Amino acid sequence: MTASYQPPFALVTGCNSGIGEQLAITLAKNNYTVLATARRVESLDNLTRQHANIIALPLELGDSTSIERLRDSVIKYTKGRLDILINNAGMHYAAPATDIDVNQVTKLFSVNVVAVMHMCQLFIPLLQKAPRPRIVQIGSVTRDVPVVCQSVYNASKAALSQYTKTLRVELRPLSIEVIEVVTGYVRSNILRDGVLISDDSLYRPIKSTVESVKNGGNKNGMLADEYARVVVRQILGNKYKREIWEGHRARILRLMVTFFPPWIHDVIMATAQALLQQKLTITPKTASLLIQAGYSDYRELKYATPNSIVEQFTSKFGIPKTSASAFRRACRRLVFLGTQDDPEEQDKICADWTNKALAARGIWRADFDDLTGEQIAELLMGTA
Numbered sequence: 001m002t003a004s005y006q007p008p009f010a011l012v013t014g015c016n017s018g019i020g021e022q023l024a025i026t027l028a029k030n031n032y033t034v035l036a037t038a039r040r041v042e043s044l045d046n047l048t049r050q051h052a053n054i055i056a057l058p059l060e061l062g063d064s065t066s067i068e069r070l071r072d073s074v075i076k077y078t079k080g081r082l083d084i085l086i087n088n089a090g091m092h093y094a095a096p097a098t099d100i101d102v103n104q105v106t107k108l109f110s111v112n113v114v115a116v117m118h119m120c121q122l123f124i125p126l127l128q129k130a131p132r133p134r135i136v137q138i139g140s141v142t143r144d145v146p147v148v149c150q151s152v153y154n155a156s157k158a159a160l161s162q163y164t165k166t167l168r169v170e171l172r173p174l175s176i177e178v179i180e181v182v183t184g185y186v187r188s189n190i191l192r193d194g195v196l197i198s199d200d201s202l203y204r205p206i207k208s209t210v211e212s213v214k215n216g217g218n219k220n221g222m223l224a225d226e227y228a229r230v231v232v233r234q235i236l237g238n239k240y241k242r243e244i245w246e247g248h249r250a251r252i253l254r255l256m257v258t259f260f261p262p263w264i265h266d267v268i269m270a271t272a273q274a275l276l277q278q279k280l281t282i283t284p285k286t287a288s289l290l291i292q293a294g295y296s297d298y299r300e301l302k303y304a305t306p307n308s309i310v311e312q313f314t315s316k317f318g319i320p321k322t323s324a325s326a327f328r329r330a331c332r333r334l335v336f337l338g339t340q341d342d343p344e345e346q347d348k349i350c351a352d353w354t355n356k357a358l359a360a361r362g363i364w365r366a367d368f369d370d371l372t373g374e375q376i377a378e379l380l381m382g383t384a
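Numbering (this note's numbering), first residue to last: 1 to 384.
Hints were generated in silico from the structure; no laboratory data involved.
Just so we're clear, the structure is a prediction, and the values are computed from it rather than from any experiment.
Ideal Cβ positions, reconstructed from N, Cα and C, are used throughout, including at glycine.
There could be a bad hint or two in this list.
Claimed, not checked - Label pairs and their calculated CB-CB ranges:
#, residue 1, residue 2, range
1, GLN121, TYR77, 14 to 24 Å
2, ASN31, VAL102, 41 to 51 Å
3, PRO131, ILE264, 40 to 50 Å
4, ASP200, TYR77, 22 to 32 Å
5, GLN128, ALA52, 23 to 33 Å
6, GLU68, GLN162, 17 to 27 Å
7, LYS76, PRO131, 41 to 51 Å
Sequences and hints are given; from them, build the entire structure.
Encoded structure:
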């Protein structure tokens, strides 16, 4: 290695806070000249003031032109060579799969997947000039485990993981190491916006439950500086590690995905995230009426029987003015929140509920055999 290449160079994206910031600091302490990026370069002022071997560069991952400008800047500073590329920057998006905004999905995949591909493509020629070149992808355990309310983010990390595995095989003849860091829970700002529950969401009645689930793992996560120290030590170690599992619960989850079948993953994750009992097949309108009838939260429904639910529902509000078939569908949604899988059993229970609701008003089965659904609904509401 010639003197012009001393010290080695590392490019780290997303260094304004959290994991990226601590990776940059740790590499700088290991005598690397760190090219640190952020969307707003002024957010790196403290970092560059405290560490003379950290250089701040702007990068907008969603803009391919910005990535190309970054490549040109790196060539200027390093004279065309790069030892380590760490793709850390990314965006998070938390929402139930039923509530996703397709525009946000496109934006997230552009940043978390497509931009990383572009970064690797542009910087591989620079990496080839290093004695031991390394590409490090900061991934997530969510590539393998179904963390609720972030299906889009999980999917992006799964895509990144598969891309990384393929890239590793393709770059082997070029002697470029490709490392995926499978990250568990780490305290950072990635969840600062929380989960997005819309006003008409099926999950609106348990918004507080979902929010507590989403914030819990981040709050109890590994400290970012500790994470960075452990990860950098393994990246710089003599042994080439294709995967590094680090962060709170990362090792436990690694055992789970390695030795347990997928259906157990579902049960474990649902239980851990307090949603095993939350079988949300109730429509927002029905849920609203139930809550007004005395069930302040879906969580309370696991203590109620189907009959007690429908009796309290009908006694306080009657049945919505609708057709008989729509009423039966509404009843079906109330059967232990959808846990009755047998359609015939569901129909039997719904018919029983209808009979009980009518009988409570002194109307018996023989009296309404010839009535229309609309007439039945009117009778149930006491309007006929």
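Hints violated by the structure (numbers, ascending)
Violated: hints 4 and 7.
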